[in-house]
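J.: Residue numbers (my numbering), protein chains in the order written: chain A, 132 to 489; chain B, 132 to 489.
These are computed hints drawn from the structure, not numbers from a lab. It is possible that some hints are incorrect.
Where chains are identical, the list cannot tell them apart; a pair therefore holds if satisfied intra-copy or between any two copies.
27 Å max Cα-Cα, derived BS3-like pairs, lysine-lysine [claimed, not checked]:
{"#": "1", "residue 1": "K358", "residue 2": "K471"}
{"#": "2", "residue 1": "K228", "residue 2": "K144"}
{"#": "3", "residue 1": "K440", "residue 2": "K292"}
{"#": "4", "residue 1": "K292", "residue 2": "K355"}
{"#": "5", "residue 1": "K292", "residue 2": "K372"}
{"#": "6", "residue 1": "K250", "residue 2": "K144"}
{"#": "7", "residue 1": "K299", "residue 2": "K407"}
{"#": "8", "residue 1": "K440", "residue 2": "K358"}
{"#": "9", "residue 1": "K133", "residue 2": "K355"}
{"#": "10", "residue 1": "K440", "residue 2": "K355"}
{"#": "11", "residue 1": "K372", "residue 2": "K355"}
{"#": "12", "residue 1": "K407", "residue 2": "K358"}
{"#": "13", "residue 1": "K355", "residue 2": "K482"}
{"#": "14", "residue 1": "K133", "residue 2": "K440"}
{"#": "15", "residue 1": "K228", "residue 2": "K407"}
{"#": "16", "residue 1": "K228", "residue 2": "K292"}
{"#": "17", "residue 1": "K250", "residue 2": "K415"}
{"#": "18", "residue 1": "K407", "residue 2": "K355"}
So you can see what is in the structure, the chains are spelled out below.
Number of protein chains: 2
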Amino acid sequence: MKPINDTFLRALKREQTEYTPLWLMRQAGRYLPEYNATRARLGSFMGLAQCPAAACEVTLQPVERFGLDAAILFSDILTVPDAMGLGLSFVAGEGPKFASPVQDEEAVSRLFVPDPADKLRYVTDAVVEIRRALNNQVPLIGFSGSPFTLACYMVEGGSSKDFSTIKKMMYTRPDLLHRILEVNAQAVTAYLNAQIEAGAQAVQIFDTWGGALSDRSFQEFSLKYMKQIVDGLIKEHDGEKVPSIVFTKGGGNWLEGMAASGADCVGVDWSVNLSKARQRVQDKVALQGNMDPMVLFADEETIRREARKVLDDFGPVGAGGHVFNLGHGISQFTNPDAVKILVDEVHSYSKQLHARDE
Amino acid sequence: MKPINDTFLRALKREQTEYTPLWLMRQAGRYLPEYNATRARLGSFMGLAQCPAAACEVTLQPVERFGLDAAILFSDILTVPDAMGLGLSFVAGEGPKFASPVQDEEAVSRLFVPDPADKLRYVTDAVVEIRRALNNQVPLIGFSGSPFTLACYMVEGGSSKDFSTIKKMMYTRPDLLHRILEVNAQAVTAYLNAQIEAGAQAVQIFDTWGGALSDRSFQEFSLKYMKQIVDGLIKEHDGEKVPSIVFTKGGGNWLEGMAASGADCVGVDWSVNLSKARQRVQDKVALQGNMDPMVLFADEETIRREARKVLDDFGPVGAGGHVFNLGHGISQFTNPDAVKILVDEVHSYSKQLHARDE
């Protein structure tokens, strides 16, 4: 069933829209007092992510407050390796930690594709609950980390500045890393398909760390597996096409390859010029992005001006498709009022642009 | 006077060489036991940088140990803001700190161009001493941070993950940031020219944080000022051309602009494919780079194979010029033996390639 506001889905399919839709990566997050209140009630980040009712509550908060054009499932990319039994925990101020990092042949051989209906049931339950609560107002985006990005955490055992452990594996035991990535790709495919079957109307693959790779390694260790996932995704559900988005932070060198992945849309960060990016992908896919999240720390006039620059850079929509977003997740220190201004400017200014286009 | 081994200088000028020269960013550093011994003797990082005899000693260590094709002055990019009186200190485990960050109109108005003959005398003294000690075996590279990269530390007061303070200034008070950058550009020009007059035979501008900028901001707040510096550099000294290198980490989107900066060479990180980069800059400048420093954590066979890939990616030198380097500074956890292998492979393999070229 089509949502009442299907602008986001139409932009992904490069169909005409009255204005440029927007959502913000990490839109349900710590910059919102109502999010912090819910999280405090639940006690921990994973407690929140694993409680469908609470995940539903925080998913809807930014949509209701700002009138965004899509909701995104509140969850974490590390739910998948957690379901593989690697023992995820979040240490305050240090980020995620895995009790059992995957660093040798034996650990790799123990990896398995978790059944989403079993260990990840809390995620699909949240999707069902969110869809019910959204009441078809706007579409719901499902998501996952990319196989390479998940592998970064699995091999390093947590966050890393230089990715020395996974890169050592990549350079000396590429066979081991390929086995991890193969399991991850199958796991992510099953996971995203379960989200789609539960009601996710579009999906995004977050390749947060693909940009740390060399040109050649990106194709072999990240893009290849994202492509494999996109190939395996359910393309239509409930009578509607389910579009997919691939986003590699720092992936500006590889837009052509990402556009050829089979995904409907490529997300880009702010280091990329949208006009040039559009030429490079030749409007074969929609583009999502790409305002610097730090613009939201500025005054109203600046936020409006910078938002217009992003829209102007994309230019007349024509045969292309544009979803406005930040180039990366919104900062926890953002003032929510800044987001209100951004939403207003993107909607009102793009309405003029789209009217001029016709 | 030409150094006995002038391969590096000739590659920068895109002249024929018998092999591809190499040096490594941060080659005099903590991965070398002899460096750690000298540093321990001097007590602190800045103590080491400010003692010309000790700076000379550590500058020569990697050149002697590995037979590299260039020495690079041992110093820090923050010597310039330190000479502006901002109170630099290094806190163990936290990186550099400035006691007086530059965050408002008043602080900006107090900035001045330090006279290199005064507060930065220890740097030019080190250059003189290093040239004497090198005894013309290989050329000496002088360097500085880019105006934007220096401003990042000056405004943030130290390292930053999101550059929120400087970006807020950039978006809301671009006039203030432009004044900082103008002072920095003049200071860096004077500083590099003083290094050249003291004996530096090539110079590199390190734009470590330019990659954090959006496309438009990069041109306006980083590239413009690097260009201004290159314009103001002494082009010939002691009867020899003094080539310049600009390096923006994460600058893969902007190679054409950097190639048009007037610099003789553009440094690139490992996310860039050298063959494509060469097409984009059309051999109008030499290229420097770009092996992933993490390759040095691998076994001998892998190091040799990856080094050959970089050389093969650049391809037959022809009208171009290639200086082999890492795509970023060498990690402090590198085994020095790995560097020995790298130097051997780059020299021997490129010798075959260059012979085939002729």
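J.: Hint by hint, note whether the structure agrees.
T.: Now the hints, each set against the structure:
1. Taking identical chains as interchangeable, the C-alpha atoms of K358 and K471 are never at most 27 Å apart, the minima being 35 Å within one chain and 39 Å between chains.
2. Taking identical chains as interchangeable, the C-alpha atoms of K228 and K144 are never at most 27 Å apart, the minima being 38 Å within one chain and 49 Å between chains.
3. Taking the closest pair of Cα atoms, K440 and K292 come within 27 Å of each other only across two copies (25 Å); inside a single copy the shortest separation is 32 Å, beyond that limit.
4. Proximity of K292 and K355 under a CA criterion of 27 Å is satisfied intra-copy only: 24 Å inside one chain copy versus 30 Å between copies.
5. Taking the closest pair of Cα atoms, K292 and K372 never come within 27 Å of each other, the shortest separation being 39 Å inside a single copy and 39 Å across copies.
6. In the homo-oligomer, the alpha carbons of K250 and K144 never lie at most 27 Å apart, since the shortest distance is 33 Å inside one protomer and 61 Å across protomers.
7. In the homo-oligomer, the alpha carbons of K299 and K407 lie at most 27 Å apart only across protomers (26 Å), although the nearest pairing inside one protomer, at 35 Å, exceeds that limit.
8. In this assembly of identical chains, K440 and K358 lie within 27 Å of each other by CA distance solely across copies; the values are 25 Å between and 31 Å within a copy.
9. For a Cα distance limit of 27 Å, the shortest separation of K133 from K355 qualifies neither inside one copy, at 32 Å, nor across copies, at 49 Å.
10. In this assembly of identical chains, the alpha carbons of K440 and K355 lie at most 27 Å apart only when taken from different copies (20 Å versus 33 Å within one copy).
11. Taking CA atoms no more than 27 Å apart as the test, K372 paired with K355 passes inside one copy only; the shortest distance there is 23 Å, against 46 Å between copies.
12. Taking the shortest Cα distances, K407 and K358 sit within 27 Å of each other both inside one copy (23 Å) and across copies (23 Å).
13. Taking CA atoms no more than 27 Å apart as the test, K355 paired with K482 passes in neither setting, with 37 Å inside one copy and 35 Å between copies.
14. Taking the shortest Cα distances, K133 and K440 never come within 27 Å of each other, neither inside one copy (31 Å) nor across copies (50 Å).
15. Proximity of K228 to K407 under the C-alpha cut-off of 27 Å is found in neither arrangement, the shortest distances being 39 Å within a copy and 38 Å between copies.
16. In this assembly of identical chains, K228 and K292 lie within 27 Å of each other by CA distance both inside one copy and across copies; the values are 14 Å within and 20 Å between.
17. For the identical chains of this complex, K250 and K415 are neighbours neither inside a copy (37 Å) nor across copies (57 Å), given an alpha-carbon limit of 27 Å.
18. Taking identical chains as interchangeable, the C-alpha atoms of K407 and K355 lie at most 27 Å apart whether they share a chain (24 Å) or sit on different chains (20 Å).
In this structure, the earlier hints numbered 1, 2, 5, 6, 9, 13, 14, 15, 17 are contradicted, and the remaining ones agree with it.
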